[in-house]
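Enquirer: Turn these sequences into a full structure, and let the hints steer you where they fit.
Protein sequences, first through last, are from chains A and B.
Just so you know, the first sequence maps onto residues 1 to 193 in my numbering.
Just so you know, the second sequence maps onto residues 1001 to 1193 in my numbering.
Derived by calculation from the structure, the hints in this document are not laboratory data.
All values reported here derive from a predicted model rather than from experimental measurement.
Where a beta carbon is used, it is the ideal one built from N, C-alpha and C, also for glycine.
Residues from chain A shown here face chain B by an in silico Cβ test under 8 Å; the list is partial:
(1) 112
(2) 155
(3) 156
(4) 164
Reference listing, derived: stretches of chain B covered by chain A, where coverage requires no fewer than 3 residues with Cβ under 8 Å from a Cβ of chain A:
(5) 1023-1037
(6) 1099-1113
(7) 1116-1122
(8) 1144-1152
(9) 1162-1169
(10) 1173-1179
Number of protein chains: 2
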Amino acid sequence: MKQGGTTRDRMLASAVTLFRERGVDSTSFADVITHSQAPRGSIYHHFPGGKAQLAEEATRMAGELMSATIAANLEQREPGETLLTIVDGFRRQLLDSDFGASCPVAAAALAGGDFDAARTVAGGAFTSWETVIAAGLERRGLTPDRAASLATTAVATIEGAIMVAKAQRDVQALDRVGAELVRWVHAALAEVA
Amino acid sequence: MKQGGTTRDRMLASAVTLFRERGVDSTSFADVITHSQAPRGSIYHHFPGGKAQLAEEATRMAGELMSATIAANLEQREPGETLLTIVDGFRRQLLDSDFGASCPVAAAALAGGDFDAARTVAGGAFTSWETVIAAGLERRGLTPDRAASLATTAVATIEGAIMVAKAQRDVQALDRVGAELVRWVHAALAEVA
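Expert: This is the structure:
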C-alpha cells in the first residue's frame, strides 16, 4: 500500500498493511501509530469512532482499490487472464512477506464481534468484486445467471486459496486454483461461443 | 460440537465453538472457562502451553473431525454429492448461528502472530482434507494430478465461500459454489468415463 499523503491516509494505509499481516483483532491503535509514524493522539482526532471506525474505513479503502484494479484489468484482458493476474498478485504478496500478508478484506470478514461495521463493509467489497467480474463475463456472452455464479465462485476460490496457502506456507493452492479458474472460465465461454 | 466428556475435552470443544464464532485472537481463556463451565485454573493445568497450546489442539481436533467426516461421506456418495453435503453443513451452521459461526480451522489459519503452531496445524488440516477428497476422485478414475488440483480447489472454494457468506450475511455464495463444484466434478469425471 502506498505511503505518503495526509496523516489520515497514512494511518489508513498502515491499518490495511497490519490487518493483512495479523488480522483486525490483533492490530492495536499503538501498532497503527507506530507503523504510520503518525503523532500519538491523532487516532481519535482522525477516527473519533475508534478502532471500529478505522477498521471500517481501511476495509472500504482496500475493497475499492481491488474493485478498481479488477475493473481496469478486465478492460484489457480476457476474464480468465484477469483472474490469473489477481491470483498472481496475492501469490507474490505471500512470497514477498514470507507468508505473512493475506487479504485485508478477508481479515475484516472474519474479525470478532466488535467489528460489525468492518465486516459489513467486507461483505460489500466481495459483492462489488463479484459484480465487476460478472459484468466482464457477461460482456463475453455469458448469461447474467451463469456470469454471477462463476464470478462469486472466482472470488470465493481466490480468497480461500490465499488462506490455505498462508496456513500451508506454500503457494501451491494458488497455483492450482489459478489453473482451475482459467479452465472453468474458458469452458463456460466456449459453451456460448 | 458435542459437550460432555472430560473437563479437558469440554474445554477443547468450547474453544472450537468460540474460535468459530469470534476467531482465535478474540477468544480469551476466561471465555473458554465460562463456556465450558470448567473450574477456573484448569486451563493451565490442562494446557500448560497456554492459549497457544489450546488453539493448536482445538484446531487439530476440528481438522481431524472434518477429515473423518469427509472420508466417511466419500465412501457412501459420489464426490460431487460429498462436496455438496459439506457446503450444506456450513450453510446450515451459518443460518442457525445468525451468521456468527464459520470454520474454526479458517480462524486458526488467519490468526495473529502468537499462534504459529495453530496456523501450522490449520495448514495440515487443509492438506488432509485435500488428500481425502483427491483420493475419492482418484477412485472414480481421475489422474492423481487432476484429482489433486480439483481437491485443493474444492477446499479453497468452500472455505472462501463460508467467509464471503458470513460477511454478506447471505448464503448465496455457498449455494453458488455448491452448484459450480458439482458441475466441475461431473465434467472432470465425464472426461474419464
